[in-house]
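Colleague: For reference, the chains in residue letters:
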Amino acid sequence: MIPLQHFLFISAALFSLGLFAVITRKNAIQILMGIELMINASILNMVAFGKYDKIDNTGQVFGLFIIVLAAAAVAVALVIIMNLYKRVKTINPDKANTLRG
Amino acid sequence: MEQIFTSNQLFNIAILAITAPFLAFIFSLIFKKLAAAFGIISIGISLISSIILFLHLWKKHTLHYSFQWINIGNVKIDVGILLNDLSVIMLLLITLIALLVHIYSVEYIRNDKLKYRYFAYLSLFCFAMVCVVMADNLFILYAFWELVGFSSYLLIGFWFTKEKAVQANKKAMIMNRIGDIGFLIGIMIMVSQFHTLDIDTLFGSGSLIDSSFVKNGLWVSPFATMPEYWLSIAGFCFFSGAIAKSAQFPLHTWLPDAMEGPTAVSSLIHAATMVAAGVFLLLRISPLFNDVVLVSIATIGLFTAFMAATIALTQNDIKKVLAFSTISQLGFMVLAVGVQDNAAAIFHLITHAFFKCLLFLGAGIVIHQLHHIKEKHSLDFDEQNMDNMGGLRKLMPVTGMVFFIAAMALSGLPFTSGYLSKDAILVSVFEWADLRGGIYWLFPLMISITSWLTTFYIFRVVYKVFFGDFRLPKIFNKAKEELHIHDPNLWMTIPVIVLAVFCFGVFFAYNPLNLDSSWVYHGFNLQQHNEGLFHLMVPLYINVMSLALIFLAHLIYAKQKIAINFQATWFYKLSYNQWYFNSFYDVFLMRIVLWKAKYFYWFDRKIIDGTVHLSSDIILKFSKIANWLDRNIIDGLVNGVAFLVGRLGIWLRGMQSGKLQHYFIWMLLLFLTFMIFKIVI
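Which chain is which? The protein sequence lines are A and B, in order. When the letters of the first sequence are read in order and numbered with the numbering used here, they come out as residues 478 to 578. When the letters of the second sequence are read in order and numbered with the numbering used here, they come out as residues 2 to 682.
Okay, chain A solo, but in the shape it has when bound (with noise of 0.2 Å):
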């Protein structure tokens, strides 16, 4: 049996690789895919909390909602980007600064 803390570390770290995606990359499609790695994370940590839940499997359920909702999250995200690329001929989200203060 593989305890709870290496799902929260591999979570974690999965999480904080995605979250270093998402702030760091110059392409609007790897800050998707560090959403994606972050959605991941969260699933993982719900799936690893629902063995305290035999009787309902919450955890599992909430999982493969997460997973639905994240794959139409993906599909609407790619139509905005190419929308995006269609409007201002880039995805670099720092040349589609039209709402800069």
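Hints were generated in silico from the structure; no laboratory data involved. Note that beta-carbon positions come from the ideal geometry of N, C-alpha and C, so glycine has one too. No incorrect hints appear here.
Derived pair list, reagent style BS3-like, types lysine-lysine, alpha-carbon separation capped at 27 Å:
no.: 1; chain 1: B; residue 1: K562; chain 2: B; residue 2: K481
no.: 2; chain 1: B; residue 1: K395; chain 2: B; residue 2: K479
no.: 3; chain 1: A; residue 1: K572; chain 2: B; residue 2: K660
no.: 4; chain 1: B; residue 1: K660; chain 2: A; residue 2: K566
no.: 5; chain 1: B; residue 1: K607; chain 2: B; residue 2: K597
no.: 6; chain 1: B; residue 1: K375; chain 2: B; residue 2: K114
no.: 7; chain 1: B; residue 1: K660; chain 2: A; residue 2: K503
no.: 8; chain 1: B; residue 1: K560; chain 2: B; residue 2: K395
no.: 9; chain 1: B; residue 1: K171; chain 2: B; residue 2: K114
no.: 10; chain 1: B; residue 1: K377; chain 2: B; residue 2: K114
no.: 11; chain 1: B; residue 1: K481; chain 2: B; residue 2: K395
no.: 12; chain 1: B; residue 1: K660; chain 2: A; residue 2: K563
The calculated label-pair distances, taken between Cβ atoms and stated as ranges, are:
no.: 13; chain 1: A; residue 1: M510; chain 2: B; residue 2: K660; range: 14 to 20 Å
no.: 14; chain 1: B; residue 1: K660; chain 2: A; residue 2: K563; range: 16 to 22 Å
no.: 15; chain 1: B; residue 1: G637; chain 2: A; residue 2: I500; range: 40 to 46 Å
Calculated from the model, a selection of chain B residues having no Cβ within reach of chain A, i.e. all distances over 10 Å:
no.: 16; residue: S67
no.: 17; residue: G205
no.: 18; residue: F224
no.: 19; residue: I440
no.: 20; residue: D631
Given chain A, put chain B in place with the hints provided.
Modeller: Chain B alone, transformed into the frame defined by chain A:
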């Protein structure tokens, strides 16, 4: 004569007599070319109205119309006209003389550019004078009294480019103001004592004055009571108004200076009519005077008559002689009022108006003709100085004749009007002195001397101007034919001839040698003079002496057989310098006034202005401080807040970089901060 007009129509005629000159005054200023015509026509209308009024009202009844005007508490001031015997005869006199002077002025002022103004002022004067005569209450009388003074001021200064004329009209104005203050105070006393100013109510028959009495040192009237001395003060106050207007002793110095005006003006205003207004006022209010005031009036009149006559002896300016003669004759009238022979005063006023007006107009002709010579030959001499005249009788026979007649009338020789009126005064003075005795015998003595002086000075003028040789050609070394001088045209000669006719006694008395047959005199004095010694003797001894003096003057000035040299004597100096009154006023009064004015100027400059400037300085300094505070503290606070907010805004703006990842980092930091707080707290 039967009554042709009803009272209402007579009232309208009186209004016409007033309005015609006033309309002429206005139209003369608008239609400048026709000014002379307006003046003559309007005064002609007034004259016709006056004749109608005179024929209807003289010795018959009194016309009194008034309308309520001002109502203050229980004091009522009406506006209206009062025409009694005194008014109608004055009205007739004024309009007749004014008409003649208007006609004369057409020629006299012909070449003056501003003659429309002259006629406008003359019309204004006639309007005011007619109103003074007709006014039915003291308030209206006072108002037009001032207007008369003002039109006199305008006419004295008619040649306003002459410095002396401007000085003279200012002097006349100020002198009259001094007297008018007294008049005004008198009016106020009347108001507080009788609560009315209506002349008829106050002084007419059965009047308030009669019903008031003095008891236990109190002056009691139906309305109020005041100490007795106020009765005397009221009398003196009214008299002071008359003193100024009629040029009596302390305030007489304006009249000789007023001779700077055109001669026709001098003749109408400063000899015949306006100066007589003072005597007219005294006559109107004569019931007011008590014994103290009457004796003072007599004394002032006597002194003025004597003083002015002595001054007239030595003056060389022909108009100055006539001016002092006027002052002297006004003194006679005032004396007559003082001895309570009002009939003699009004009689002398009327006769004097004719012959003095004539003397001035005659002098005006001489001056006018000499002025022509002066301009034609561009010579430089004083055309009013008698030393430049002489022998004009042959060159200007008409002028010489009328002047001679007027001089005879002024001297009071038999068959002239002056004989009647002057003797009326003299006889009254003698009788008055006889009644009182003692020191009062000084009055008849002095007035007799004055009467002889009058004869001498006026015949000095006659002989200097019209007899002997014409001195002007000799002075400039020219032939007599070259400096040609002649009688003027009809515009000037007709008025003087008409006036000369009125200098004869027959117009005023059926028997020109007997005062008792004078209709004017008996119009005002109902009781007969008692046929006493004075009545016979006074005219006799006065005239015998006068004839001797005329002969003396003839020898001295016409034949120049007797050369008198008294120019170094103190008497000559006193007379020539007009008793030093002008110098006295200059030194004592003028200097005090000027010093006071300077002091007040200094006070105004330094103290009043200083205070104002100091306070303004303080306020300025204070406002500067306030300004600094406002700018630095108040504005500083506001600006500081704005600056702070601006800075904050700039700093906060930095967060809105528009970069997706920055927002994300901020979000993360916020979340972390929130979580840390959550954990710590």
